[in-house]
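S.K.: Sequence:
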Amino acid sequence: MIYILVALKCEAQAFVEKFKLVSNKQNENLSVVISGVGNENMKKTASKIVSKMRDDDTIINVGVCGAEKKYKIGELLDDRDVVLSCVDHEVDYKKHEAVDMESSGFKEATKDVKNSYIFKVVSDHFEPKSVTKDLAKKLIYKRIDEIMEKI
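Sequential numbering of the sequence shown, starting at 1, is according to this note's numbering.
Treat each hint with caution, since some may be false.
Here are the simulated PhoX-like pairs of lysine-lysine, each with C-alpha atoms no more than 20 Å apart in a straight line [unchecked claim]:
#, residue 1, residue 2
1, K114, K25
2, K52, K107
3, K44, K25
4, K43, K107
5, K48, K25
Hints listed in this document are in silico derivations from the structure and should not be mistaken for laboratory results.
With these hints in hand, go ahead and build the complete structure from the sequences.
M.R.: Printed below as a string of structure tokens:
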């Protein structure tokens with residue numbers, strides 16, 4: 001099973017539409033789970049899933065993030081290649097490469113899971129008020145194939 005954890009309903013909708021998932025947001029191979037915004041929500045949700053995972057299951061955190069202007073809007077970032085800071089407030093863009101609100105909670109909950117990944121899609125250049133639900137959904141939708149290839 002592949003578990004995809006997102007913070008927002010609009011992020012989940014991208015996967016629901018792409019894979020034509022039913023109302024419970026899953027099929028026999030894929031389950032999309034909405035944690036809610038923030039580090040603690042993600043940690044709690046990911047911990048519940050980890051407790052029922054099998055060794056061959058995969059867990060992924062997907063969402064949008066703010067990033068430096070060297071990253072294009074819509075670019076897919078892998079936390080293995082980018083320094084991703086987890087913050088719950090607006091930040092000084094000069095001090096961070098990319099920021100989100102859930103990655104550290106996910107990392108903490110999945111630290112012992114071998115098939116664990118974080119993928120973020122750049123939604124803005126440290127201007128979170130410019131990001132709409134529709135934009136977040138569209139940006140993630142465009143990167144789903146690339147995400148699935150990487151796992």
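S.K.: Are the hints correct? Go through all of them and say.
M.R.: Structure-based check of all given hints:
1. K114 to K25: 24 Å, violated
2. K52 to K107: Cα-Cα ~17 Å, so holds.
3. K44 to K25: Holds, because 19 Å separates the two Cα atoms, which is no more than 20 Å.
4. K43 to K107: 8 Å, holds
5. K48 to K25: The hint holds at about 17 Å.
Checked against the numbered hints above, the structure breaks only hint 1 and satisfies the rest.
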